Structure formats: structure tokens, C-alpha cells
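2 protein chains.
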Amino acid sequence: MHNELPSILLNAAADEFAKLPGIGKKTALRLVLHLLKQPVADVEKFGNSFIKLRNEIKHCKICNNLSDNDICEICSNSRRNKSIICVVESIRDVLSIEQTQQYSGLYHVLGGIISPMAGVAPSDLNVDLLVQRIKNENIKEILFALNTTMEGETTCYYLYKKISMLNIEITTLARGVNFGDELEYTDELTLGRSILNRQPFIK
Amino acid sequence: MHNELPSILLNAAADEFAKLPGIGKKTALRLVLHLLKQPVADVEKFGNSFIKLRNEIKHCKICNNLSDNDICEICSNSRRNKSIICVVESIRDVLSIEQTQQYSGLYHVLGGIISPMAGVAPSDLNVDLLVQRIKNENIKEILFALNTTMEGETTCYYLYKKISMLNIEITTLARGVNFGDELEYTDELTLGRSILNRQPFIK
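Chains as they are written, first to last, in this note's numbering: chain A, 1 to 203; chain B, 1001 to 1203.
Fair warning: there could be bad hints in the mix.
A partial selection of chain B residues facing chain A, derived with a Cβ cut-off under 10 Å [said to hold, decoys possible]:
1) L1009
2) K1019
3) L1020
4) L1031
5) K1052
6) L1066
7) N1069
8) I1163
To be clear, the hints were calculated from the coordinates, so they are not data collected in a lab. Fair warning: this is a prediction, and the values are worked out from it, not measured in the lab. All C-beta atoms, glycine included, are put in the ideal place defined by N, C-alpha and C.
Let the hints inform the model, and build the full structure from the sequences given.
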């Protein structure tokens, strides 16, 4: 379709949108035509926001979270519990956990999980920094909050091997039936585990 | 959700995406995190493509179509039939009609249709230019290709009033049952019209 666009500029802009995940060529064209209707200043703000972000964003030197500064807001927040580190795959997981408002400790963003299929080896992850943090700071607990996929489990196991001798408590997110789930449609593994790990009923 | 993002830059970029039609805050964040993984040069190309487009795109001085030059590719193409003008609402309609490969004439892009609800008055449309073209050039036929909505019909009627005395043929797209439609689910108006305008059966 784009080859038939009457303008090289239009083509180029639509192609840029279409490179984004989940955006097809028709949507890309719709978005470009929308931008064309906006004031020049707004479109400049739009385009420059991504360039500025890409050029200026930093990774927190402590936890590898995205940050405007060398040290992220969480690591530099004196009210956070500095004795527990929650290990996550990506910044998106940090956001999800922060939204629950149930966690007040620190994070460690691995930047991926071990995945031979995707070509991610243990050396690609931010593991040495984690081991250093445990050794140098007064960390009492490491909470694994990785996806419960094959890759997540593999990564947990690898990390466990790396830090189990460091004499800290190692925990993982509770597994069980989701709130709102119908048992009939819950997978066997989850249901089986949630029976084994059954909890006292709270009235 | 965005208020909890750990970075002002990230917030700003995600907000820019979320301003686009059909892009929610979650998708916006996903797109921004995708951009963050791309090389700086690619992100600069991405952002600048929209700014360049917005600053440099022109409207064809003849038909009001979008164009890189003063005169668009269609108007300057010597192989197009210069005696017929197809009147459309927007550039998107030009693209749809071009895709059918059934039309080889010129276009006239109104830039909207009359819509009191949306605050579009006849004076907002590119009508004077159309009248001028009919008067000054050797135009034999005007084909109305506007949406078959109340606004489209109103606009057709308004245009008809403006050009009917100019002694040219005025046509409109055939109305009828869509290819692939089941009669049971075709609306009464369309079905009724397609009976009135029934065509010779071609074996």
C-alpha cells in the first residue's frame, strides 16, 4: 500500500510508525495523517521527545532501572527498605510491582532472562552487579520476581546457584490460583502447587 | 500509571505516544520501551521523520492532495485523463480509489465534508478551487466519491448546486449491495436502492 503513497515524506514517516511492534501499515498511515493535522510545534515536541529520551536516559548505577539521573528515585529514596532486593527482568516489572503498593524494598533489573532461543546467555544479564550488592551492602533477603516461564525458572535457578552461598534469605513470589479464577479452568500445575502450598484460612 | 514512571523523560515520551488516536497509556509505554532498545540513529530517524514531514509536506496547488512538490504526482502525470475530476473528502480516499486501479482521471481533495456537528462549514472546504478548475480547464465530468453518510450527501448536494450550471456531466459512485454481502443483513435503504437501480445481468 505504501508504495502507492503520493509523497516520499509521507512514505518515510508511515514506514517509521509501521516499524513499531503491533502497528500495521494502515494504522501507521492513520497516525501520520493525524500528525499532519497537528500544529508544527506539537509535532516537533512529539518527534523530539523520543530523541531526547533515547539520548539522555540513564540506567541507575545501583539497580539498572531506567532513570533521569545516575541513581534512580527508588535507590535514592531514604524511606525504602534497603535490606531487601527484588530481582526482576525489566523495568516493566518494576512498574507492575510498584503499582501493587505492597513492596517497599529495592530492585535489581536484570535486563532480560536466560533464553537460549532468544540468544540471551547468563553473561548478558546484570548478575555480577547483584552479587556485588549483596556482598557490599547489608542485604538480608533476595526476592525473585521473574516470569513463571521456562526461561524465568532457569534464570531463578542460575541466580540461586550464584548467591545461595552468600548467607541471605532467598524467596520467590507465591504461586497459586489467581484472584477471580475458576478452578475448572486453572491449569493442573498451578492447582496442584496451590494445594501443596495451602495457607491458613483467614476469616 | 504514568505518574509512577521513574523518569520524567520516559513520562514525556510515553505521554506523546498516548496523545495519538487509538494508543492507550499501556501501549504508549510499550512503544517507548521498544524505542529505548533501538540504536540512537534509528530513534533519531524515527523522530525526525515526522518533524520533516510536517515541515516540508505541501498541498498540490491544483487538487489539494498531499505532495512533496507544488504539483502532485497525479496532476503532473501526463497519462492521466484530464477531463474527469473525482471529488473526495481526504487523501485517504484518494489512496483507496487508486488501489482499485479502476480510475485514471484527476482528483479534487475537499479536505473535509460539511458537518455542522463537527463545525465544518461549506466555506472550510476547497470548493472555489474546484469551480475554477471546471471553468478554466477542459473538464467534462465530475465524479462525486464521498461517504454515503448524511454529511457526505449534504456535501454532494451543496457541490451540485455550485456546479450544476457549468454544463458538465455530474456522476456519483454506484450504490448497491457490497460484494460478499448476504441480502438478509443488508440495510433496507441499500437493498431498496439496488432494486430501483438494477442493472443488466452480464453472463
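Results of checking the hints against the structure:
no.: 1; hint: L1009; verdict: 5 Å, holds
no.: 2; hint: K1019; verdict: 8 Å, holds
no.: 3; hint: L1020; verdict: 5 Å, holds
no.: 4; hint: L1031; verdict: 5 Å, holds
no.: 5; hint: K1052; verdict: 6 Å, holds
no.: 6; hint: L1066; verdict: 5 Å, holds
no.: 7; hint: N1069; verdict: 9 Å, holds
no.: 8; hint: I1163; verdict: 25 Å, violated
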